[in-house]
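Colleague: Here's the letter readout for the chains.
There are 2 protein chains.
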Amino acid sequence: MLRLDASASGFAERFSTLVEAGREADTDVSDAVRGILQRVRTDGDAALLSLTRKFDRIDVAADGLAITQAEMDAACAEVAPDLMAALELAAARIRIFHEAQRPAGHEQVDTDGNRTGWRYTAVDAAGVYIPGGRATYPSSVLMNAIPAKVAGVERLVMVTPTPDGRMNPLVLAAARLAGVDEIYRVGGAQAVAALAYGTETIAPVDVITGPGNAYVAEAKRQLYGRVGIDMVAGPSEILVVADKGADADILAADLLSQAEHDPVAQAILITDSAELADAVAAAVPRALAHISTKAVAAESWDAHGAIITVAALGDAVPLIDALAPEHLALAVADPETLFQRVRHAGSVFMGYMTPEAIGDYVAGPNHTLPTGRRARFSSGLGVADFMKRTTFLACSDAGFAAIGPAAATLAEAEGLPAHALSVTRRF
Amino acid sequence: MLRLDASASGFAERFSTLVEAGREADTDVSDAVRGILQRVRTDGDAALLSLTRKFDRIDVAADGLAITQAEMDAACAEVAPDLMAALELAAARIRIFHEAQRPAGHEQVDTDGNRTGWRYTAVDAAGVYIPGGRATYPSSVLMNAIPAKVAGVERLVMVTPTPDGRMNPLVLAAARLAGVDEIYRVGGAQAVAALAYGTETIAPVDVITGPGNAYVAEAKRQLYGRVGIDMVAGPSEILVVADKGADADILAADLLSQAEHDPVAQAILITDSAELADAVAAAVPRALAHISTKAVAAESWDAHGAIITVAALGDAVPLIDALAPEHLALAVADPETLFQRVRHAGSVFMGYMTPEAIGDYVAGPNHTLPTGRRARFSSGLGVADFMKRTTFLACSDAGFAAIGPAAATLAEAEGLPAHALSVTRRF
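Keeping their order, the protein sequence lines are chains A and B.
Using our numbering, you'd call the opening residue of the first sequence number 1 and step up by one each time.
Using our numbering, you'd call the opening residue of the second sequence number 1001 and step up by one each time.
Here are the simulated SDA-like cross-link-like pairs (lysine to any residue), alpha carbons at most 25 Å apart as the crow flies:
{"no.": "1", "chain 1": "B", "residue 1": "K1244", "chain 2": "A", "residue 2": "S396"}
{"no.": "2", "chain 1": "A", "residue 1": "K54", "chain 2": "A", "residue 2": "T42"}
{"no.": "3", "chain 1": "A", "residue 1": "K149", "chain 2": "B", "residue 2": "R1341"}
{"no.": "4", "chain 1": "A", "residue 1": "K294", "chain 2": "B", "residue 2": "F1427"}
{"no.": "5", "chain 1": "A", "residue 1": "K149", "chain 2": "B", "residue 2": "V1109"}
{"no.": "6", "chain 1": "B", "residue 1": "K1294", "chain 2": "A", "residue 2": "E414"}
{"no.": "7", "chain 1": "B", "residue 1": "K1149", "chain 2": "A", "residue 2": "Q101"}
{"no.": "8", "chain 1": "B", "residue 1": "K1149", "chain 2": "A", "residue 2": "R341"}
{"no.": "9", "chain 1": "A", "residue 1": "K149", "chain 2": "A", "residue 2": "G198"}
{"no.": "10", "chain 1": "A", "residue 1": "K149", "chain 2": "B", "residue 2": "G1105"}
{"no.": "11", "chain 1": "B", "residue 1": "K1244", "chain 2": "B", "residue 2": "A1333"}
{"no.": "12", "chain 1": "A", "residue 1": "K54", "chain 2": "A", "residue 2": "E182"}
{"no.": "13", "chain 1": "A", "residue 1": "K149", "chain 2": "A", "residue 2": "L83"}
{"no.": "14", "chain 1": "B", "residue 1": "K1054", "chain 2": "B", "residue 2": "A1203"}
{"no.": "15", "chain 1": "B", "residue 1": "K1244", "chain 2": "A", "residue 2": "A398"}
{"no.": "16", "chain 1": "A", "residue 1": "K244", "chain 2": "B", "residue 2": "A1398"}
{"no.": "17", "chain 1": "A", "residue 1": "K294", "chain 2": "B", "residue 2": "E1414"}
{"no.": "18", "chain 1": "B", "residue 1": "K1149", "chain 2": "A", "residue 2": "G117"}
{"no.": "19", "chain 1": "B", "residue 1": "K1149", "chain 2": "A", "residue 2": "V317"}
{"no.": "20", "chain 1": "B", "residue 1": "K1149", "chain 2": "B", "residue 2": "Y1120"}
{"no.": "21", "chain 1": "A", "residue 1": "K149", "chain 2": "B", "residue 2": "G1117"}
{"no.": "22", "chain 1": "A", "residue 1": "K149", "chain 2": "A", "residue 2": "M167"}
{"no.": "23", "chain 1": "A", "residue 1": "K244", "chain 2": "B", "residue 2": "A1401"}
The following label-pair restraints were derived from C-beta to C-beta distances:
{"no.": "24", "chain 1": "B", "residue 1": "I1058", "chain 2": "A", "residue 2": "D181", "range": "52 to 62 Å"}
{"no.": "25", "chain 1": "A", "residue 1": "S7", "chain 2": "B", "residue 2": "G1179", "range": "34 to 44 Å"}
{"no.": "26", "chain 1": "B", "residue 1": "Q1108", "chain 2": "A", "residue 2": "T17", "range": "37 to 47 Å"}
{"no.": "27", "chain 1": "B", "residue 1": "G1152", "chain 2": "A", "residue 2": "T17", "range": "28 to 38 Å"}
{"no.": "28", "chain 1": "B", "residue 1": "G1245", "chain 2": "A", "residue 2": "A104", "range": "30 to 40 Å"}
{"no.": "29", "chain 1": "B", "residue 1": "A1322", "chain 2": "A", "residue 2": "A104", "range": "24 to 34 Å"}
Bear in mind the hints are in silico, worked out from the structure with no lab data behind them.
Glycine included, every Cβ here is placed at the ideal spot set by N, Cα and C.
Given these sequences and hints, build the entire structure.
Modeller: Below, the structure written as structure tokens:
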């Protein structure tokens, strides 16, 4: 863990090194993925079944790819009531939040009667990738599927691998709660390929979202443009800004809640209190003793964690914007004032009583957020990712007469005479 | 040019072939582009100057990369008054249209006092690529730069090659009108690399938009994720739906206004009038005689053009959605009814008096639109492309007590104990 003091000499350079430090894996899987995409594109189901046999060690027939209603029923019956209640609370709150995000159409008319505007419509079909195996996250199902359904997507497909035939009942229960229409037991780049190109069994979709390993991420990258995708996601990160009113043991848990995701996750604390900085540095090792994810969390904290002291909270603002963190927690007495000055962050958690984990699950805002400083230019997942805007124009006779000549003039100047002709022939 | 009759046997298959026909060049420039990006990333200005010498045949020093105010003044003085007036009209109308697109923030409070919402902020810096040489489009400057400035982008950079030292005064005049802050005389993949990585002279930007050749497009594709980009653009296309009230000679000009862009551009007419279909087929060759872009337009129309007759206008709707055209012109008596049924189109031009060319220049809506059936899932360029959404959450004490337990339950179920700890430590 790195300790930095913003008033020390050489800080700018050391902070800049921290900001620029790449944590994303540089393993190039692009050739392997290109091969898989090509295979599924050419051979459809046959490729899918063969790759599933190879990677997930299960033998499925084409008509066994879809997870059945009976399997869904069985899965839901298996979920403990308190877990089901928690999922239901989460689903309801995520739905309410995202319903407010549905973008509005617009229309305006100029003084000559020319009408312009736009309309939003949902994509026909969307696909959600949900990882299987070790880390299975029902919350990811809710966070990806609910915005799609709120957008009005009629056909929502989920793909998730079932390595060695293992399925997570919670993931299936979440899919049912979120209104997923079809689920297939396939994973990896081959599942993404099936969603994009379609196979005999799986009809193609228009947008693919959801988390995944390096192969899944690279498959989405290569298919970007043929389908819409959510984003290029990297390892998770949190930046906690705290003042002396914050509790060191609580902050330690907050920091580790990101660190436990991944050895290359990053947790950073910025504080104007030297005492708090020391207290948190001491509290983290104590907190590690309480968690079963200790090995991963400790590795992340040791290699990528940082505690930075600043003379005044306001001095944190340029540091926040430079880091453009995925998660920004403002554990300070007056979070609102600080928030107003921040420009770049994926999602902000305000005040002493707002741990980021609340937002991961039940608060409502989406937990799919831009990582690796991408909050400088991109947003978390939202309803608009499953919709598109169609602009329109309707000229009145008077309006055409008013603006047509300028269009013809510019078309001629650009060397596009047919453009000009299509205007002048209407005079 | 292909003639199809929707009521003929075998139509579905032939139409499907038309829809699936790839018109995008398959030349793989990815290795060449990768090399150029790496060179600029490593060597900065030196690489930029050397590549500019090679590709644009001009010798520029680093301090000569920026186009000066004096050059801007000279360019503007050179623009004829009627052209300047047309540019000004276009700029004003594009600005008004896009100002209505500025996305609103939102805030909602649940019954327990938990506050959630989002805020939009502009990216710090954006770069616009404008092609030089043969096809120089001042309208592209307006269409890319104005939405960025409306979004509130403080630093707007334009790059444009000046092959053999040639600059287009109209492009510079448009840049001044649009409020571009910096302009550099560089082009190609090297210019895109400079915008993304920065050099000694050109500071990096967060978002890169604008049209370009295969190298520029591939450079943007490879840099997607490091910066935001507008879209993967392919050859232009128009789908005109017309009824018997439309004029065949005018429609011919409308079709050719896309065909003249590119030999692989596509113009398609759908009509419920067999007479009109024949009349347009005869009118296109006549119209070709009037335009200096005849060679390109004829090649496009011959190879990719189509006229499709349908029994009733309503039958056009599924064909429109399948084609998901960049431009959809509804040259019919009642365009509104038809438009209400369409799901997938980049931009719609309604009625007999609304040629697509009006929208290319002066109407207001953006002319940067999704091509190659991407209107199924993506939108034209807009203000939101230069902004990002930061969501937020502020729990009240009562609100935390109400939803915290569910978050802890789900965190434990997902095997993330530090997440749970960050909640339970606050109880």
